[in-house]
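Participant: Given chain F's structure and the hints, the job is docking chains D and A onto it.
Listed below, chain by chain, are the residues.
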Amino acid sequence: MKRRGRGIACMWYPIGFTVAANPSAAVVKINEDGTATLLTGTVETGQGSLTILAQIVAEELGVATEDVHVVSADTDTTPMDTGAIASRTTYVTGNAARLAAEKAKEILFEVAAPVLGVKADQLEVSDHKIQVKGFPQRNIHIGDIAERARGVNGQPPIGSASFNPATVALDPETGQGKPFATYVYATQIAEVDVDDETGEVEVLRIAASHDCGTPINPMLVEGQVEGGISMGVGFALEEEMLFDGEGRLRNPNLTNYIMPTSLDMPKVEVDIVDSYDPTGPFGAKGVGEPTCVATAAAICNAIHDAVGVRITSLPATAEKVWAALQAKRAQEPRQLAAGA
Amino acid sequence: MDKKSAVIEKQARLQEVEALLKAPAAAPLAPLPREVLVPEARQQTPAVRQRATRPDGRLHGLGQTKYIDDYYLPGMLYAKIKRAGIASARILRIDTSEALKMPGVMAVITGKDVPCNSFGPSLKDQPVLADERVFHAGDGVAAVAAVTEQIAAEALEKITVEYEPIRPVLDPLESLQLETPGLHAPNPNIYGHKVIRKGDVEKGFAQSYRIFEGSYRTQMVEHVPLEPHASVATWDANGRVTIYSTLGRITLGRADISRTIGVPMSRVRVIATVVGGNFGGKNEITTEPVLALLAKKTGRPVKCTFTRPEEFLASTTRHPLVMDYKTGVTKEGKILARQIRLVLDGGAYCSWSETTLGKACILSAGPYQIDNLYAEAFVVYTNKTMTGAMRGFGAPQVCFAYESQMDDMAKALGIDPLQIRLTNALREGSLSPTSQKLHSVVVRETLLQAAQRFGWNEDGGGNGAQS
Amino acid sequence: MVTVTVNVNGEPRTASVPPETTLLRLLREQFNLTGAKLGCDVGDCGACTVMVDGKSVNSCLMLAGQADGRDVLTIEGLATLERLHPLQEAFEQLGSLQCGFCGPGILMSAKALLDENPDPSEQDIRDALAGNLCRCTGYIKMIEAIQGVARADGARPAPKSA
Chain F
1 MKRRGRGIAC
11 MWYPIGFTVA
21 ANPSAAVVKI
31 NEDGTATLLT
41 GTVETGQGSL
51 TILAQIVAEE
61 LGVATEDVHV
71 VSADTDTTPM
81 DTGAIASRTT
91 YVTGNAARLA
101 AEKAKEILFE
111 VAAPVLGVKA
121 DQLEVSDHKI
131 QVKGFPQRNI
141 HIGDIAERAR
151 GVNGQPPIGS
161 ASFNPATVAL
171 DPETGQGKPF
181 ATYVYATQIA
191 EVDVDDETGE
201 VEVLRIAASH
211 DCGTPINPML
221 VEGQVEGGIS
231 MGVGFALEEE
241 MLFDGEGRLR
251 NPNLTNYIMP
261 TSLDMPKVEV
271 DIVDSYDPTG
281 PFGAKGVGEP
291 TCVATAAAIC
301 NAIHDAVGVR
311 ITSLPATAEK
321 VWAALQAKRA
331 QEPRQLAAGA
Chain D
1 MDKKSAVIEK
11 QARLQEVEAL
21 LKAPAAAPLA
31 PLPREVLVPE
41 ARQQTPAVRQ
51 RATRPDGRLH
61 GLGQTKYIDD
71 YYLPGMLYAK
81 IKRAGIASAR
91 ILRIDTSEAL
101 KMPGVMAVIT
111 GKDVPCNSFG
121 PSLKDQPVLA
131 DERVFHAGDG
141 VAAVAAVTEQ
151 IAAEALEKIT
161 VEYEPIRPVL
171 DPLESLQLET
181 PGLHAPNPNI
191 YGHKVIRKGD
201 VEKGFAQSYR
211 IFEGSYRTQM
221 VEHVPLEPHA
231 SVATWDANGR
241 VTIYSTLGRI
251 TLGRADISRT
261 IGVPMSRVRV
271 IATVVGGNFG
281 GKNEITTEPV
291 LALLAKKTGR
301 PVKCTFTRPE
311 EFLASTTRHP
321 LVMDYKTGVT
331 KEGKILARQI
341 RLVLDGGAYC
351 SWSETTLGKA
361 CILSAGPYQI
371 DNLYAEAFVV
381 YTNKTMTGAM
391 RGFGAPQVCF
401 AYESQMDDMA
411 KALGIDPLQI
421 RLTNALREGS
431 LSPTSQKLHS
441 VVVRETLLQA
451 AQRFGWNEDG
461 GGNGAQS
Chain A
1 MVTVTVNVNG
11 EPRTASVPPE
21 TTLLRLLREQ
31 FNLTGAKLGC
41 DVGDCGACTV
51 MVDGKSVNSC
61 LMLAGQADGR
71 DVLTIEGLAT
81 LERLHPLQEA
91 FEQLGSLQCG
101 FCGPGILMSA
111 KALLDENPDP
121 SEQDIRDALA
131 GNLCRCTGYI
141 KMIEAIQGVA
151 RADGARPAPK
161 SA
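Chains as they are written, first to last, in our numbering: chain F, 1 to 340; chain D, 1 to 467; chain A, 1 to 162.
With the rest of the complex left out, here is chain F (with noise of 0.2 Å):
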């Protein structure tokens, strides 16, 4: 008989390496027509971390998100950065980029002062213009002034910076100290049914709240959040790499290494928590790994709600789950013997 169970799970995970410096650089060229090129170290793995970086770009220098081109991922030619790990990306290579940025629009703002007839520091940026706080009114297009920069005042508009997460080392025998600069959160509620004949566990639905800062982009947030639940899944009752006596891997192949499959994944409803992080890029703080860490636990505790049975290794196969089943009935003898 199938039952039905939910379970809860929160979580907490840290942007950035622990303690250990982890800076990411950063070079933004704003070209003669107003759009921007990014160079970065990073590495696209997938995530969209490219995106969400000329997205950032873009927000600081008041143009659209196509008008940013990222070079990425050469030694030769991109700024060191420390890569595609930890979560980091949005956080730190993001608040290089727009740091980055920030310096090739001040070039700007020097080029367009005289011209609008006030000081720098009473421009700013909105739709590919340059305008005066108040007066929006009295503006000029961003690809007039970065023409007139290089072409007038001799001053190309190039900005580059470097990030590093303010942290303080631990104390060697206490562990107290500020090992990041920041943190994330989640909640993920999972629905099983689990069936008490066979011990196989079907994930239902999980509804997933998750907190990454300001969504530099929600699409890619969710897109984040759907991944990261699938992998927990497979954490969760599938996947296992096994060795034997002697140490060598049995399963080193995806047909005896089960992982999830489109016929696996649950129905996902991902939401993103209101949250802004001040130290972070517009707010930014990330979503990459903390995706993954809640799910196992949450359909866990659903099996638990289901069927009474607490897993404690994982993953949850069904045959874990029918042998914990029958060492319950084992210790429930009366009501088995009621039953029969």
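Among the hints, erroneous ones may be present.
What the hints assert, rightly or not - To give an idea of the interface, some chain F residues facing chain A are shown, with a C-beta separation under 10 Å as derived from the structure:
1. GLY46
2. GLN137
3. ILE140
4. GLY234
5. ALA327
6. GLN331
Quick caveat, the hints were computed from the structure, so don't treat them as lab data.
Glycine included, every Cβ here is placed at the ideal spot set by N, Cα and C.
Facilitator: Relative to chain F, chains D and A alone:
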């Protein structure tokens, strides 16, 4: 005219051209749609918070994204690595002479040919190619470069290695008990240790209404990026090597390549272009130094793409953890004290174990305000595939433990699982286990939002109801 | 060596290859069509999926010789010079692909499904993608994209099967 003869006729006309295309052609044959429509969201200002589509998304969908394995350089050779196949042994002799005699085999190297045969992000305990000692079955012991992948694979069979087996240690708890010298003598088996101490746990336990204890274990997991690790190395006449690689961290990669092959960093160029999935598994070098050395020896570009089994055997994996939790609570479910011991199975080499150890230890308390905490973590060597960075650095493992125990406590105390979490959740300004004052804290908000979305309070609970 | 002639994306292509050559290697190494990917080489991951005579197949499991004289459609043949295929458009708009490595295979499986069943249920779509592994996305935005295309094409009659 039937389909086949039509094909053959047209084919005859193309035969001459095709003959010239024996090597893969340089230009992609895919169409480039003339209609270029840039999605609306990419053109909008402000840019932040827009659901902008990814510029690489179109190329992915057209099959035009070039991953490393899609590269072909003129004259390129293919490399294969011979894997030890034994988890723990001393290497007595490696004989590569028969492989070298094979037609099409251009070079064979072993660990003796690697100028500096060790690397690693913290401890440099991992050989590029094992030359004296095998620590896990996936260790590479020799590498072949040949004109085709098939010949390279056949050449591996001709390489003979004589081993003196050493009993492997596979269980992390056994490794924890072993006296020095350990697996990596003279280094001890426990190669990382971390403590977080806050308040007074004994006092907290003494004040507790109830104390709960639980033990939890997690398994070894592979990243399974759909794109296997791949690299191409090619030298120019100025003595510079360019390496196209699936690395997610090119700066560290360049440092490791430069150090292991003994060439200044200015003469090493690493290009990562696009990586087909990482999840932490592509954060350090694998075959890059081997390919650089083979390419230097042969004067030709050399490529190596991992087979799927190599992904499991010879790349990093997620740390299995053994976790002991002891937690004291009030009648209302408020946590007064928590004591944790974590043992991380580090596998054969350190890799990113120090980072995983630190994060697991700091995060092990959960997103809760706990005034009295003692968390201690160890990482030990075993003779299994090395564990390293993987999405979450120990967090999914400890979350499984602390959230399982949280539910057990809620049930025993008759408290709703949502409520016990709300009672203990970190708040704005809370002090973390390391006494860091936290900002932008939204644990409670995520709990309430997820509960609302799920219908936690309305649905009355699964609670084993027949479905 | 065997000489193989295949009608690839509407163009006849020919090559002489060792008899053990798979269709995947024929496409990638002889015809420079690198869209289909080698992810496992044993038919587990689906990254090499192409269509042969209208049916989706793992091209790593088919010998080049078995494809002789047949119609092969690869990801490179899905778009025309004029426009993206609706599936490619929908995948782009919804951010259905992340690292993209599984994408060509997934799209070919999706096309094979819609050719056969223009109005698939969500379960039909899940079934059709079951042989294509993806590690990044959790499949959700792919399923949504395929559903969207199916709905948009709902009014159109089903294409005749070959």
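Participant: Would you mind marking each hint as holding or not holding in the structure?
Facilitator: Do the hints match the structure? See the list:
1. For GLY46 of chain F, the suggested interface contact is upheld, since its CB lies about 3 Å from the closest CB of chain A, less than 10 Å.
2. Taking 10 Å as the C-beta cut-off, the interface hint given for GLN137 of chain F is violated, the closest approach to chain A being about 36 Å.
3. Because the beta carbon of ILE140 of chain F sits about 34 Å from the nearest beta carbon in chain A, more than 10 Å, this interface hint is broken.
4. Interface restraint check: GLY234 of chain F against chain A, minimum CB-CB distance 9 Å, threshold 10 Å, status holds.
5. The beta carbon of ALA327 of chain F comes no nearer than 33 Å to any beta carbon in chain A, farther than 10 Å, and the hint placing it at the interface is violated.
6. Interface restraint check: GLN331 of chain F against chain A, minimum CB-CB distance 38 Å, threshold 10 Å, status violated.
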